[in-house]
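With the hints as your guide, set chain B onto chain A.
This is what each chain is made of:
Number of protein chains: 2
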Amino acid sequence: MKIGVFDSGIGGLTVVKSLLEHKLFEEIVYFGDTARVPYGVKDKNTIIRYAIEAVEFFKNFELDLIIVACNTVSAYALSEMRESASCPVVGVVEAGILATANALSNKHERVLILGTKATVNSKAYETGLNALGYENLQAKATGLFVPIVEEEIYEGEILQATLKHYFSSVAKPDALILGCTHFPLISDVLQGYFGKKCKLIHSGDAIVEYLEKEFVFSQKYEKTQLKFFASENPDALKTIAKKWLNF
Amino acid sequence: MKIGVFDSGIGGLTVVKSLLEHKLFEEIVYFGDTARVPYGVKDKNTIIRYAIEAVEFFKNFELDLIIVACNTVSAYALSEMRESASCPVVGVVEAGILATANALSNKHERVLILGTKATVNSKAYETGLNALGYENLQAKATGLFVPIVEEEIYEGEILQATLKHYFSSVAKPDALILGCTHFPLISDVLQGYFGKKCKLIHSGDAIVEYLEKEFVFSQKYEKTQLKFFASENPDALKTIAKKWLNF
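If you read the protein sequences in the order shown, they are chains A and B.
Each step along the first sequence adds one to the number in this note's numbering, with nothing skipped, and position 112 is 112.
Each step along the second sequence adds one to the number in this note's numbering, with nothing skipped, and position 167 is 167.
Chain A on its own, in the form it takes in the complex (with noise of 0.2 Å):
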């Protein structure tokens, strides 16, 4: 299985890492829109135009499927981009929103939903989480973490600043919900804030868990044909690649 990935920027090397721990497919082909980064603070119908130039790009190979790792685009553009593949589309969000119902033990544990501003403002976590009988959910956006990762810091008092900054008026969640593709890189701080009793939904793991129920996949493949494409600067994204996922 010959299958794209679709992101904003790097983030989504978080959703390839779970992919390639699965040995799920034969070849990943990774687009980051690294020119028009970031998209969570962009309005719906810019989020739609780019998210359709992504599956247009993604013509130029033969793909089984189009994984969206951004979330902001699940969230926003995901009918529209199935509309013009001609491949299976699936997003970060729905994979979530399962995986949250599973990870929790009954319907009134609380769920707080992270993630950047265009994110939250879509609701699109809580409606498919309401649909689902899912009522004690709280919502935070949270974009300072994506430039607090991005300069490489995983640790230390700007992180802890920050999280003081939007959490303490917070109650503590039963599962905290990674609604953007950078914060599984600062998941032992959010971790260590939250306690160990709360459980993280990470969109990789999410997708995986998600493909893994949708699709058969008859083989593994011990090693994956990686290619990888930036609307900007590619040779950057490949060295954060290689960093991220040791290969």
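The hints are simulated quantities; they were obtained by calculation from the structure and are not laboratory data.
Remember, predicted model here, so these are calculated numbers, not experimental data.
Treat the hints loosely; a few may be bogus.
Pairs involving identical chains hold if they fit within one copy or between any two copies, as the list cannot separate such chains.
Said to hold, decoys possible - Capping the alpha-carbon separation at 35 Å, the derived lysine-lysine pairs in DSBU-like fashion look like this:
# : residue 1 : residue 2
1 : Lys107    : Lys59
2 : Lys172    : Lys59
3 : Lys213    : Lys196
4 : Lys196    : Lys59
5 : Lys213    : Lys164
6 : Lys197    : Lys227
7 : Lys123    : Lys172
8 : Lys44     : Lys243
Quick look at chain B alone, frame taken from chain A:
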């Protein structure tokens, strides 16, 4: 005189504020490329392409002058903009260089240049200051201040931790160039950190100083007509403009 002010986003409003205070212009047309902000992490060719598109946009108005309020664009794309434009184009970097020279007592004083990654990599301030005989220069990419200011955080623990992160091993300067239009919004915090004796170079004030030297202004305008354009979400730009410019 009817002018255009170009910025990658909302930051250039700090330059407009200075222009209004000095009552230099009859009409100001502001264009913020909010759909593609931030420029500070993009590469040179992309910045030049976007800057030329801005010049094309300004051709819809009969302008006497274009001011580039964005340090990153001023550092990389000024000559290309001048080639495309049919009116003079001035940038905050050349203005900032002259303002710094005017603010210093002698050529041995220490200058610290703050900016986005792209502005700092361009070495535009260093090149200009070197040419004037200033050698005691240090530049520091402090990009995190941009999203922090955009979260409307102007003081407190996150900023203090970020100051420590960037400056704990930096010698205190005699002059500090605020080489990004967002930084004047945290000038109190920066002044507090570096001490009262440190001269802060503000792009808005620098451009006024530069214009008053280069052009003849025969009258003051008690009322300036303001027009705001944004490549995305113009309402958000107007709301912030009203707040920052008090109109």
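Let me make sure I understand: some of the numbered hints might not hold for this structure. Which ones are they, in numerical order? 1, 2, 4, 5 and 6
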